[in-house]
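Peer 1: Take a look at the letters that make up each chain.
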Amino acid sequence: MLVVKGVDIYYGKLQVLWDLSLQVGKESVGLFGPNGAGKTTLVNAIVGLVKPANGEITFGGRSLLPLETHRIIREGVAVVPQERELFPFMSVLGNLKSGAAYIPGARDKIDERMRFIFDIFPVLKERLGQLAVTLSGGEQRMLAIARSLMAGPKLLILDEPSSGLQPSLVSDLFRRMREIREKEGVSILIAEQNVRQCLRAIDRGYVIENGRVVIEDSAEGLAHSDHVRRSYLGL
Amino acid sequence: MLAKLRQRDYQILIAFIIVAAILAFWRPHVLISGLQRGSLYVLIALPVGIIYGILGILNLAHGEFMMLGAFFAFSLVTLTGIDPLIAMLPAFPAMFVVGIVTYRLTIKHVVRAPLNQFLLTFGLAVMLTEMANLIWTTRPRIVWVPYAASSATIGPITFGTFEFVYVAAAAIVLVGMFLFLTRTRAGLAAMAVGQNPRGAKLVGIDVERTYMMIFSACLAVLGPIGALFLIRHAIFPGVGGPFSLRAVSIVAMAGFGNLPGILVWGIGLGLAEAFVRSFRGWGGWADIIFFGMIILVVFYRSYQRRVR
Chain A
1 MLVVKGVDIY
11 YGKLQVLWDL
21 SLQVGKESVG
31 LFGPNGAGKT
41 TLVNAIVGLV
51 KPANGEITFG
61 GRSLLPLETH
71 RIIREGVAVV
81 PQERELFPFM
91 SVLGNLKSGA
101 AYIPGARDKI
111 DERMRFIFDI
121 FPVLKERLGQ
131 LAVTLSGGEQ
141 RMLAIARSLM
151 AGPKLLILDE
161 PSSGLQPSLV
171 SDLFRRMREI
181 REKEGVSILI
191 AEQNVRQCLR
201 AIDRGYVIEN
211 GRVVIEDSAE
221 GLAHSDHVRR
231 SYLGL
Chain B
1 MLAKLRQRDY
11 QILIAFIIVA
21 AILAFWRPHV
31 LISGLQRGSL
41 YVLIALPVGI
51 IYGILGILNL
61 AHGEFMMLGA
71 FFAFSLVTLT
81 GIDPLIAMLP
91 AFPAMFVVGI
101 VTYRLTIKHV
111 VRAPLNQFLL
121 TFGLAVMLTE
131 MANLIWTTRP
141 RIVWVPYAAS
151 SATIGPITFG
161 TFEFVYVAAA
171 AIVLVGMFLF
181 LTRTRAGLAA
191 MAVGQNPRGA
201 KLVGIDVERT
211 YMMIFSACLA
221 VLGPIGALFL
231 IRHAIFPGVG
241 GPFSLRAVSI
251 VAMAGFGNLP
261 GILVWGIGLG
271 LAEAFVRSFR
281 GWGGWADIIF
291 FGMIILVVFY
301 RSYQRRVR
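Just so you know, the sequences run in chain order A and B. Number 235 marks the last residue of the first sequence (our numbering); no jumps. Number 308 marks the last residue of the second sequence (our numbering); no jumps.
One chain only, chain A, in its complex shape:
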């Protein structure tokens, strides 16, 4: 599915990703690391918001590097950015529809997708007519995830989905991610700092520090790794 191979990224003269490689197949993959490790940069590189200096990013065998962001999204990659990036003065319904309206394959399936989404996020159904800006932070997060699911993506990327959420919502969110993975068969890549909660939702994970992959292991393996336990789980 998604293959990132030997990617170097610079911001001006500052190199933030160093020869970074990872893969996401039909599975849920976690991407862990402290602030400034390069998680968001990697996510932005996958969707074409920053372009790597070296390396290759392919999706389903096709290189994503020459494509602009909107084309990458139309290829079946969906991303839920940390800042959510909703349309604040559109209704919840408008936001949801916008998720499917510009994706050639998803356009005709809006009703079907909506049913699926209300199944996972019932609260959105009650809020359909409200402007997105009036939702709480947690609801906005759900709307952002729902909007990206409207496209019927093959790969769903979430950047720090737990940030700004109250703890009870965080475990709830990761449970739903499992549910989405199982019901939809969509591949998931989650960049996260809340390692403890996220480990329950993923099959495999990478730890990046200073722009390099330092550990790659199964969820089980990560939970028992000394480095992860010390640095991320506080054990």
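Calculated from the structure, these hints are not laboratory results. Do not take every clue at face value.
What the hints assert, rightly or not - What follows is a list of derived Cβ distance ranges for each label pair:
(1) B:T184 - A:G129: 18 to 26 Å
(2) A:P66 - B:P140: 50 to 58 Å
(3) B:A168 - A:Q130: 45 to 53 Å
(4) B:H109 - A:N210: 30 to 38 Å
(5) A:D19 - B:M131: 48 to 56 Å
(6) B:V101 - A:R71: 22 to 30 Å
Backbone N, C-alpha and C fix where the C-beta goes; we use that ideal spot for every residue, glycine too.
We have chain A already, so just place chain B on it with the hints.
Peer 2: Quick look at chain B alone, frame taken from chain A:
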């Protein structure tokens, strides 16, 4: 963004209706010519408001682009002898192309640079005027068509009837833009881009293309408007300047991004101007009243903000 009239606009609308009712009895011709003139302002200000709302660019050269549209129609009329109303048709695609070229060469590079876009569009305004000077010279040009001078008399007042096309055109452009922005997929994409360009990219919208199409469409509308303007007014290279100023002022008074407000303020200012002009010998004050009102509105806004 343009979903509903703000409450403030309702108050202003009601105030205008009361004023209009008084005018209807006292000076009915002011009501008519004010409506006609105001419609022309609305016509020119609406695209400025849309470009601002979606691209975040305040186009200071909008009146100059209308002047270009008018001269295009003028050249077409004098070269081929067709009626200026028919010249509206080719003027639309012609100005669309001008829009695409302008966007590609200039606007594209300043979409996220607030000060630069002011300088750029101001420079464009000067350049367009000077270019028109070279091509068509400063001599005022008119086309004469019999229907332009048509008039009607109701009771004691006589008024030009041709100017009602401005009212009709303003209604068509307003309704057309509203339907486009709320009913079509491309329009909704434009709204999405206006609210959050990054978010728009992430749902698969081609933001760059949307910017170009909206900018070009807003300039394209100026082609037919220019042709209509030409029928009733003498045109010369500097004719657009006052309209650029008024359009930007009306957009500012409506509050940026508030399209229905543009309708209310455009007509309101047209009425105010016509009212001042209706006093013999005081016509020169019209501009001062116009810009005086803008200063008052801006003062009132900042006063309101402080009170809150």
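Peer 1: Hint numbers the structure violates, sorted upward?
Peer 2: 3
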